[in-house]
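Given chain A, work out where chain B should sit, using these hints.
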Amino acid sequence: MGMTITEKLLAARAEVESVQPGQLLIVKIDVVLGTDATAPLAIQVFRRMGARKLFNPDQVVLVHDHYVPARDVAAAEAARAVRVFAQEQGIRNHYELNRGGVCHLLLPEEGLVVPGDVVIGADSHTCTYGAFGAFAAGVGSTDMAAAWALGETWLRVPESIKIEFVGKLQPWVGGKDMALRLIGDVGLEGARYKAVEFCGTAVEQLPISHRVTLCNMAVEAGAKNGVVAADESALAWIRPRAKRNLRLYRSDPDASYAAVRTYDVSSLAPQVACPPAPNNVKPVDAIEKIRVDQVVVGSCTNGMIDDLRVAATFLKGNKVSTAVRTIVVPGTQAVYRQAVEEGLVATFLDAGAIVTSPGCGPCIGGHMGVLADGEVAVATIARNFQGRMGHPGSKVYLASPAVAAASALTGVITDPRVVKH
Amino acid sequence: MDFKFRGRALKFGHNIDAEQILPSRYTLSARQEEVVPHVMSGADPHIGIRLKKGDIIVAGTNFGCGSALEIVPLALKWAGVAAVIAESFSRVFYRNAINIGFPILEGTGVYAGIGEGDMVEIDLERGLIRSITKMRNFPTAPFPDFMQTLMHVGGLEEYVRQRLKRASTAT
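Sequences listed follow chains A and B, in order.
Numbering (numbering that gives the first Met the number 0) for the first sequence: 0 to 420.
Numbering (numbering that gives the first Met the number 0) for the second sequence: 0 to 170.
Bound conformation, chain A alone (with noise of 0.2 Å):
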């Protein structure tokens, strides 16, 4: 029987023929991520476990993303820990604040990420990186530091779901949408434990900015990893940046999935996930008026140069609402550069959002954009549990960087389509 593109990347790293889901295996890693939030615990794990030596540093990245420039002192003394580490253990891709940026917007940007990649990542968006045609999964900093050591971990395999979107969408809905249904439609727990495969002519459409969202979103689902295939598209952008070889898979046309199911987007409008859950999803146009405090568009689910593009064609010539403070994240240096270059912050500048340095901050609750008791944002990120941005009584929106940007300007939430700009 067939395979499907998550069991052929298992098999292979593995270096097994085939696979089947429940089956557990011990895999080999092409690249362990950790951020400053997670491999100060690996690093004192690591120690504990009597390791000197990790397998191999070039298979190692640390990314200083999640509380950079330093929140405090807590994470400046977190931050030191591993900048001590990648010295001592010779690490190249220790990615500070001057190269730096969201770690799953970095790697794929650095090309250390390619297509045939088993990745495991001390952080729970880790899944993003199957938009480049890799199994990527996010685990805890035990798993990283055994990871370390061994150069390996161990992986059951899952079954897969298979998504098929179909259709053309309309304009200023995108795949940040297409997630956000889709977790409304399955729910928290729709996709646990497994693969969710993404494919159809709409993704086969989608620019490597929009599978990025798509595969970023598939934990909140409750997914193991979210994959497509890198097809011709994905590797025009893939291949000038490849720092390895390229393994391509697709699934199998027999192969075997626990579920299908297929959409067209045709008529999908912009969707919203309201709090506090990323499943309580509406399409804007039934959302009530909802007054907004605070837009940001960023993090690692849309922090993409055509995020900020999109972002800048409303906000290009308009003022955002006085009431609202506005927040645009480039994902990474790289993302900050080109929008500079663009044009793009002089346009946020002039619209009266403010531009911070690449990281996570507002997203989680961190700094650069806290919310106080009863606030609500509308924000471009992956998840909106109570609290996830500051006080518990604060309100989190999810939706795309057309929906923000339109929202930001109205000072409620907004259907992009019908906000002149």
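Hints in this document: simulated from the structure, not taken from any laboratory.
Remember, it's a predicted structure, so these values are computed and weren't measured experimentally.
Be a bit skeptical, because a hint or two may be false.
[Stated by the list, open to error] Calculated pairs, PhoX-like style, for lysine-lysine (alpha carbon to alpha carbon, straight line, at most 25 Å):
1) A/242 with A/52
2) B/164 with A/27
3) B/133 with B/10
4) B/164 with A/52
5) B/51 with B/76
6) B/10 with B/51
[As the list claims (entries may be wrong)] Residues of chain B clear of chain A, computed beta-carbon distances all greater than 10 Å:
7) 48
8) 51
9) 52
10) 77
11) 114
12) 124
13) 125
14) 133
15) 139
16) 141
17) 150
18) 151
Using N, Cα and C, we set each Cβ at its ideal position, and we do this for glycine too.
Using the frame of chain A, we list chain B on its own:
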């Protein structure tokens, strides 16, 4: 690691996400004394008077969804929660809990069948969940062999430590 526990049930709902177990504003701290007062505070602001050492958390489906931070199950362990039993767990919470040697068990019907304050008995090795108060047993999902191995050595850290030690004595 102990395999048998008896404790008082503390009930929570479905989809108890990481934010409810440990709000993310406390997750950077690796200091036990700073983290413990906030454990489960996202689910119940008055948890301080409700949670006692040795309690067993009983929840519905998808316990631990959201963040992959290991401090989330670690915080439960630090707070003295004896174990979590739930209809199901999020993937990464389950994996992290096994890795750090924190007892969890999936049981069918526990959410509806066990009440707040019930005395509950669990046996991880035999896969037993029993409400002593209700005199009722609940079927559990067995652990795969590799996870049983991890549980027996006390978690992934100890497993790797032993493996590295064997490798260094072998060479």
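Hints versus structure:
1. A/242 with A/52: 23 Å, holds
2. B/164 with A/27: 21 Å, holds
3. B/133 with B/10: Holds - the C-alpha atoms of residue 10 of chain B and residue 133 of chain B are around 15 Å apart, at most 25 Å.
4. B/164 with A/52: 14 Å, holds
5. B/51 with B/76: Distance of about 12 Å is within 25 Å: holds.
6. B/10 with B/51: Within the cut-off at roughly 13 Å; holds.
7. 48: 18 Å, holds
8. 51: Answer for residue 51 of chain B: holds, closest chain A Cβ roughly 23 Å.
9. 52: 23 Å, holds
10. 77: 13 Å, holds
11. 114: 24 Å, holds
12. 124: 19 Å, holds
13. 125: At roughly 22 Å from the nearest Cβ of chain A, residue 125 of chain B sits farther out than 10 Å, so the non-interface label holds.
14. 133: 26 Å, holds
15. 139: Holds, because the least Cβ-Cβ distance between residue 139 of chain B and chain A comes to about 17 Å, which exceeds 10 Å.
16. 141: Holds, since 13 Å exceeds 10 Å.
17. 150: 14 Å, holds
18. 151: 15 Å, holds
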